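Under the numbering used here, the residue at position 64 of the sequence shown is numbered 226, and the numbers go up by one with no gaps.
Since the hints were derived computationally from the structure, they do not count as laboratory data.
Hints should not be assumed to be uniformly reliable.
[Said to hold, decoys possible] List of simulated lysine-lysine pairs, DSSO-like, C-alpha gap at most 30 Å: (1) K393 - K380; (2) K200 - K275; (3) K382 - K393; (4) K276 - K224; (5) K224 - K211; (6) K276 - K266; (7) K224 - K301; (8) K200 - K224; (9) K224 - K252; (10) K211 - K308; (11) K276 - K200; (12) K379 - K367; (13) K367 - K391; (14) K380 - K391; (15) K367 - K380; (16) K252 - K200; (17) K276 - K308; (18) K276 - K306; (19) K224 - K261; (20) K200 - K266; (21) K228 - K211; (22) K275 - K228; (23) K252 - K211; (24) K252 - K266.
In this text the structure is predicted, and so the values were computed from the model without any measurement.
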Amino acid sequence: MQLRYNYRAYPDAAQRRALAQAFGCARVVWNDCLRDRKEAHAAGLPYVKSADLSRLRITQAKRTEKRAWLADVSAVVLQQSLRDLDTAYKNFFDSINGKRQGRKVGPPRYKSKKDTRQSIRRNTNAFCLQGNGTVYVAKVGNLKVKWSRRLPAVPTSLTVTKDSCGRYFLSFVVNTEPDILPGLETESGIDLGLSAFAVLSDSRKIDSPRFLRRAEKKLKRLQRELSRKAKGSKN
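Sequences are here, hints too, so could you generate the full structure?
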């Protein structure tokens, strides 16, 4: 079973600049790959495979003057952005084909630097928990973290997020085993009634807590006290 644990992070000025650059590069890769697939679909061409997009929009793009700055961030960030696009497409296709439960999912959309939420995702090759309580993020540095609770196991992935208020968060995915509840030797049926609040299958009765009756008594007492007070007094 996978669980997600979120913590507040406090990057310094240099780390905030590095994260902003990583957010931007991940967004550009997403948009470039999305554009290629949309244009291929509009032209009646086959769905562009991830391997082709990775080679064209990441590996080869780094060698061009227009996209040379992609090499300034961790390659894992760029690859994960493409994987996230693949996941978005899969959720969309599964939704329209009825394979995905829940609300309908629309097609992937272009991302903007004006979006209220910016994020990048990394696997275990691009981050590490440090002994001093910080989290090392490749090409960003050691991030200070407010640990509100302990991680139950070694995380398998990390998502760094900046929200609309300018706050940063680290979200770890952890694989855990579900807790097994102890088995009960007996079972009991419950019948809710009027004269008795509940009757169990072994004939035991649970009296009504009479919340309303107790509240009415308290209300009457307070009303009597209020009637004896003068308006505007401090009594």
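Okay, the hints, checked on the actual structure:
Between the alpha carbons of K393 and K380 the distance comes to roughly 21 Å, so the proposed pair stays at or under 30 Å and holds. Simply put, K200 and K275 have alpha-carbon atoms about 20 Å apart, close enough for the 30 Å limit, and the pair holds. Taken as a hint, the K382 and K393 pair is honoured in the structure, with Cα atoms around 19 Å apart against an allowance of 30 Å. Restraint check for K276 and K224: the C-alpha separation of about 24 Å stays at or below 30 Å, so the hint holds.
As the CA atoms of K224 and K211 are separated by approximately 19 Å, the hinted pair is consistent with the 30 Å bound. Taking the CA atoms of K276 and K266, the gap is near 25 Å; set against the 30 Å cutoff, the hint holds. The straight-line distance between the Cα atoms of K224 and K301 is roughly 17 Å, inside the 30 Å bound, and the hint therefore holds. Among the hinted pairs, K200 with K224 is consistent with the structure: their alpha-carbon atoms are about 22 Å apart, no more than 30 Å.
The suggested pairing of K224 with K252 holds, with an alpha-carbon distance near 27 Å, which does not exceed 30 Å. Straight-line distance between C-alpha atoms of K211 and K308 comes to about 40 Å, which puts the hinted pair past the 30 Å bound. Restraint check: the Cα-Cα separation between K276 and K200 comes to about 22 Å, which is no more than 30 Å; the hinted pair holds. A distance of roughly 25 Å separates the Cα atoms of K379 and K367; the hinted pair therefore holds under the 30 Å criterion.
Of the supplied pair hints, the one linking K367 and K391 is violated, its CA atoms being roughly 44 Å apart against a limit of 30 Å. Distance hint between K380 and K391 is fulfilled; the C-alpha atoms sit about 17 Å from each other, no more than 30 Å. Distance hint between K367 and K380 is fulfilled; the C-alpha atoms sit about 27 Å from each other, no more than 30 Å. The hinted pair formed by K252 and K200 meets the criterion: a straight-line CA distance of about 15 Å does not exceed 30 Å.
Taking the CA atoms of K276 and K308, the gap is about 27 Å. The hint holds against a cut of 30 Å. A distance of roughly 26 Å separates the Cα atoms of K276 and K306; the hinted pair therefore holds under the 30 Å criterion. Note on K224 and K261: the hinted pairing is violated, with a Cα-Cα distance of about 37 Å set against a maximum of 30 Å. Our distance criterion of 30 Å between C-alpha atoms is met by K200 and K266, whose separation comes to about 20 Å.
Straight-line distance between C-alpha atoms of K228 and K211 comes to about 23 Å, which keeps the hinted pair within the 30 Å bound. Of the pairs offered as hints, the one joining K275 and K228 holds, with about 18 Å between alpha carbons and a cut-off of 30 Å not exceeded. About 13 Å separates the Cα atoms of K252 and K211, which keeps this hinted pair within 30 Å; it holds. As the CA atoms of K252 and K266 are separated by approximately 13 Å, the hinted pair is consistent with the 30 Å bound.
Comparing the model with each numbered hint stated earlier shows that hints 10, 13, 19 do not hold.
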